[in-house]
Amino acid sequence: MLISYAFRRILGAIPTLLIIITLAFFMMRIAPGGPFDGERRLPAEVEANVLAAYDLDKPVHEQYFIYLGRLLKGDLGPSFRARDFTVTEMIAAGLPVSIRLGLSAITIALLLGTTLGVFAALRQNRPSDFSVMAIAMVGITIPTFVTAPLLTLLFGVYGVNIFGLEFSLPVGGWNNGALPNMILPVTVLALPQVAIISRLVRGSMVEVLRSNYVRTARAKGLSSLRVVTRHALRAALLPLVSYLGPAIAGLATGSLIVEQIFGLPGIGRYFVQGALNRDYTLVLGVVIFYASFVILLNLIADILYRVLDPRVRYDR
Amino acid sequence: MTPVLPAERAGLVESAATVRGRSLWVDARRRLMRNKAAVASMIVLGSVTLLAVFAPLFSPYDFDAIDFSLVQCAPAWWPDDSVLCRADGAHWFGMDAVGRDLFVRTLYGARVSLAVGLVATCVSLLIGIAYGATAGYLGGSVDNLMMRFVDILYSLPFIFFVIILMVIFDRNFILLFVAIGAVEWLTMARIVRGQTLSVKEQEFIEAARAAGVGPWGIISRHVIPNVVGPVIVYVTLTIPAVILAESFLSFLGLGIREPMTSWGVLIAEGANSLQTSPWTLIFPATFMAVTLFCFNFIGDGLRDALDPKDR
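Chains as they are written, first to last, in my numbering: chain H, 1 to 316; chain W, 1001 to 1311.
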């Protein structure tokens, strides 16, 4: 049952991916002007040669199938602006940075968010619950591009004074992923996720704590720590699995801003720069990459959810 | 059950006619007005809107007038003494990096951000209601097909497509409204469809049908008023989402063009010069954060007020 469900879901993801590729490809092609329209018109023969080199002289539908064929082999084509690089190479260069940022952010968000959520649920409707939820509300409403400069101002420009020790954090640059350079970007990226996760966990935890089997566990005389960690938490964390997909999508969007602000050499910055420079192949490649990544993770989350929760039915 | 005598029945009918029943809306308004956070948010939001609409009346300066002698000057009351210069007069928020009054620019930014919020939400509302009501009312395989389409669209990373659109059409302002609205209609369609499905099966619809009301009468008199509640709640949550999307684009340099401005543009400019003039970041950021907060509180308040199950 599970395998056939997984198989059906994978089959279902293929048309979605195809729609994304098609949509992105033709949106690029209806753009007025070609990528090689300069200030000065090239001589006709040179222009014809250049167009032929990039297959741009063929009809659009033929270009589309050529692109699809190359895509199957993992080739996203040459970048129009960074002439000596292919899009695949550029993504491969940015990927480690983006993954490292994203993984750190999601790890912190999961740990901190779960802790805060459980804490708030155990103190439901008490001042500490309200204050945690108020902070979560701030985290959800205030966007990344506001928190990033504000934190930069606070920690980078003014510096902070903790226990008489004054220090300030680097506000930009990658420096091969040194810890001080990671702190601000990862904090900014993790903040909204911490807020959302803590709200999610609090909600499900409050519900689980009211359920019969938790009452049974308490009645057996188990310590409340054991009840929470061994019995309640397992069920309460289930909704987090299905939040995994949206979380990754949120991190991807957030990384556009964070990488731009902190000047980090990740994929998100390539996308923004590619868009501003009209490097269409690069933009197309990054969109396809991000989209397939998000779809894949959604798929994994859905399948995992059904493994973890046997009550969910496979049909439909 | 005791039988009701004809005379008694007449009395009952009469008293029912004189005692006006409290409608859902009166009830909801009463509950909303008791919610302090929501009422305070409405007052704050109303003030921001008034400031934005009548922006030219509140300041003697033009939003695009450049005063070269006051470039990046702090407001007169700024507490930090290390600033380069101070602007006097009605430059309450100081000056931006090219010497324009920041107060008036923040208000003009509010105009654009709020306008985008309203218009794009209306676009999403129109598409969402039409699509959702059609799917819900027709039901069956049409409904299945239409909703499957929505499912597929859901998994697209839309912000990327909006960015592509803005690049291709060279930051067309009208397109900005349409593109963001077209992104936000999906959830609206789902809500309307779900609501329509459940409403059309209820007894009062059957009663209306039995009383000879036609399908359009049923939709307009009975289905839509019962769908409106959740839709209103979702609208108050869509507006801040749209404002965010626009600011996001503007922040990346893909939104509105100079010399017009929006909160996103102002925040981006402020972020660039925050070392020398932090006020250029702080004021627009505060305005935007407060506005987003207000919408969220109003949305929460409306949901509590309109959802009778949660009382």
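These are calculated hints, taken from the structure and not from any lab test.
Every residue, glycine too, gets a C-beta built ideally from N, C-alpha and C.
One thing to keep in mind: the hints can contain errors.
[To be verified] Residues from chain H shown here face chain W by an in silico Cβ test under 10 Å; the list is partial:
#1 Leu11
#2 Ala24
#3 Ile135
#4 Val138
#5 Thr141
#6 Pro149
#7 Ala275
#8 Leu276
#9 Val283
Task: Hints the structure fails to honour - done: 1, 3
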